[in-house]
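The lines below spell out each chain.
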Amino acid sequence: MTIQQFIDLTNAKLVTPEVPTDREISCGYTCDLLSWVMAHGAADMAWITVQTHMNVVAVAALMDMAAVIAPEGITFEAEVIEKAQEEGIALLECGETAYSLCGKMIAAGVPAD
Amino acid sequence: MNCAVDLHMHSCLSPCGDELMTPNNLSKMSVLKGLDLIALTDHNTARQLPATAKVCGELGLGLLPGMEITTREEVHLLAYFRTVEEALDFSDFLYPHLPPIPNRPDYFGHQWIMDEEDEIVEEEEKLLISAVDLSIDSLAKEIIGRGGLAIPAHINRGSNSILSALGFIPPFTKFSGLEIARSFPCPPDPSIGKYKHLHSSDAHRLEDILEREEFLPLAAPTPEAFFAYMLS
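Chains A and B, in that order, are what the protein sequence lines are.
Just so you know, we're using this note's numbering here: the first sequence kicks off at -8 and counts up by one.
Just so you know, we're using this note's numbering here: the second sequence kicks off at 966 and counts up by one.
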């Protein structure tokens, strides 16, 4: 699944328009403890988290992730979006819960790891 | 002079604080243990400070006005102020940012506000250990902007610490120091070295208050001298 196909599936809003959406998502993940994600994240991952701190972008960049998704209507702040564009990481905002998004990704064939 | 300090403890206003942690008990126990300067740092409130300041004043014990805030990221952040009035102003600022979740005394414990005679004057009804809806970055800026000190608490603990929640110390956020929990090893985060470190008890019970174990080189056991040290 590409980032664009994820957007089409979930009606998520891409807030980093400069980041290409044809990148392939290798797997999905959800966790809100960044220390845990630093130990368990993977390249090309789509990571769902309620955390929107600047460190989220740093962790995603460190792991070479494809996208970070904020669920439940949570929004990213301008400087976080700017940093994600610099790092080439797609940031998505979505109204659904992490549980619902995971269910849709698994049903569409995105693996857990 | 080297001052014996314990700059992180909770009174019976914190739901998790033991009911025996009254203004008189915690101050007098600190004197018995030989401390020179203590800080009372209840969760998301400063409202036990006025009574505690009166008791400490009578005992000749230094009191640093403080609070322990739970940020939006669920990180515990210590705020210290020079005066009780500044701490109360900040506490009033913070209160609307706490979610309207009522305390359940049977589960979390009572949240008692006392006077200097340890008489209960009010029970705080909103649960004080919830997270406020403000980010750690904006809180640190607000505290420092008000003339206070913003210090991430027990950074090396597994829960409610900046390292567990955010993975590492945010390099672009200005903090005034770091608190390292005494009972856990400190991870080798390279950014830790550029800050002054504090080691306190985080006591929720009288017996957990430190004895003369942690010392700071302060000109006097006062908030002013502590601020001068931390900002030097």
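Misleading hints may appear alongside valid ones.
[To be verified] Quick list of in silico lysine to any residue cross-link-like pairs, SDA-like style, CA-CA up to 25 Å:
no.: 1; chain 1: B; residue 1: K1139; chain 2: A; residue 2: M45
no.: 2; chain 1: B; residue 1: K1159; chain 2: A; residue 2: M29
no.: 3; chain 1: B; residue 1: K1139; chain 2: A; residue 2: E78
no.: 4; chain 1: B; residue 1: K1091; chain 2: B; residue 2: N1125
no.: 5; chain 1: A; residue 1: K74; chain 2: B; residue 2: G1022
no.: 6; chain 1: B; residue 1: K1106; chain 2: A; residue 2: A103
no.: 7; chain 1: B; residue 1: K1091; chain 2: B; residue 2: E1051
no.: 8; chain 1: B; residue 1: K1161; chain 2: A; residue 2: S26
no.: 9; chain 1: B; residue 1: K1139; chain 2: A; residue 2: A69
no.: 10; chain 1: A; residue 1: K74; chain 2: B; residue 2: K1161
no.: 11; chain 1: A; residue 1: K74; chain 2: B; residue 2: E1051
no.: 12; chain 1: B; residue 1: K1139; chain 2: A; residue 2: E73
no.: 13; chain 1: B; residue 1: K1106; chain 2: A; residue 2: E73
Derived by calculation from the structure, the hints in this document are not laboratory data.
Computed from a prediction, not measured in an experiment: that's the story for all the values here.
Structure-based check of all given hints:
1. B:K1139 x A:M45: holds (14 Å)
2. B:K1159 x A:M29: Within the cut-off at roughly 23 Å; holds.
3. B:K1139 x A:E78: holds (23 Å)
4. B:K1091 x B:N1125: It holds: about 20 Å lies between the C-alpha atoms, which stays within 25 Å.
5. A:K74 x B:G1022: violated (49 Å)
6. B:K1106 x A:A103: Roughly 39 Å separates the two Cα atoms, so the pair is violated.
7. B:K1091 x B:E1051: Holds, at about 22 Å.
8. B:K1161 x A:S26: Roughly 23 Å between the alpha carbons, so the hint for B:K1161 and A:S26 holds.
9. B:K1139 x A:A69: Holds. B:K1139 to A:A69 sits at ~19 Å (cutoff 25 Å).
10. A:K74 x B:K1161: violated (29 Å)
11. A:K74 x B:E1051: Violated - the C-alpha atoms of B:E1051 and A:K74 are around 35 Å apart, more than 25 Å.
12. B:K1139 x A:E73: The hint holds at about 20 Å.
13. B:K1106 x A:E73: holds (21 Å)
Of the numbered hints given earlier, the model fails hints 5, 6, 10, 11; all others are met.
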